[in-house]
Amino acid sequence: DLKRNRDSSLKRLPKWEIEQKNHANLFVYFPFINPPESETATATNPPEPETTELQQTTEVTANYPIDCSDKTGFTGVTIIQPEGQDSFPAYCSERCVYITRRFDGSVDFYRGWAEYQAGFGNPDGEYFVGLDNLHGLLAQGNYRLRIELTTWPPQNETRHAEYSTVKVADASDNYRLTIGQYSGNAGNSLGRHNGMPFTTKDRDNDPNSDNCAIRFKGAGWYTSGCHNTNLFGSYSSGPVCPARGVCMSWYHMFGNHSHSLKKVDMKICPV
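Mapping to full-length UniProt numbering: the sequence shown position 180 is 180, numbers consecutive.
The hints are simulated quantities; they were obtained by calculation from the structure and are not laboratory data. Glycine included, each C-beta is placed from N, C-alpha and C at the ideal position. Among the hints, a few may not be true.
[As the list claims (entries may be wrong)] Restraint ranges, calculated between C-beta atoms of paired labels, are given here:
id : residue 1 : residue 2 : range
1  : GLY73     : SER258    : 17 to 25 Å
2  : PRO207    : THR165    : 17 to 25 Å
3  : GLY112    : ASP170    : 27 to 35 Å
4  : PHE254    : GLN181    : 17 to 25 Å
5  : GLY141    : PHE254    : 32 to 40 Å
6  : GLY73     : ARG215    : 18 to 26 Å
7  : SER237    : THR75     : 22 to 30 Å
8  : HIS160    : GLY73     : 36 to 44 Å
The whole structure should be built from the sequences, with the hints applied where relevant.
This is the structure:
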């Protein structure tokens, strides 16, 4: 699905290998998974999750698409290259670029600043696209943000929250989030986070007196009261969160911080 000449050259990546097939201009992506750094296990964190760092592709002569807007009918991993940025692998579906995919707890999202900047995980599994990549994508045009949230059985219900516009600042402004008008059936839990900078366990940018990322075992655009949604929080093995507020949650779906979601997809789509 990537259009490029048979003789195009690219730099081999340490964790992503891109192989050109001789009989068709196809590319196959092989993620190489590194063992996670050891951390003290807690009841709210999945034990020993697999992890990789999402890597940019540099020194590439190919002309990659700037996003997934030309991928109508396509679902899967492809390489994109925002204007003026390095290229990187991303998960696309129906013209949208997935920022985050979470569905089984195999990737630990309780990470530091540098990892959130670069991105981590595998686009064909659980992953985060990276703050630098996200800023580059959103800086080149107009996009809407769609968040799809799925509950545990027996409901197995999927609701959504959509925002008419979305921007993320660069590192100099700590990746501050700006979102537009809400629509959907999940409730406007992200609205309170509008205008907030990004915080991780080792970079406290939130207006709360504590580090909300440490307090709630996650990362995100935390507020003075920490959060109404903790989408980068701990993945629970069921609908009840072991500790209040630390799990992957969306307040307005349940009216409390004790529930945990089974699946979350965050994606940006061209408008």
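Inset, instruction - Mind listing which of the numbered hints don't hold for this structure, in increasing order? - result: Violated hints: 1, 3, 6 and 8; rest satisfied.
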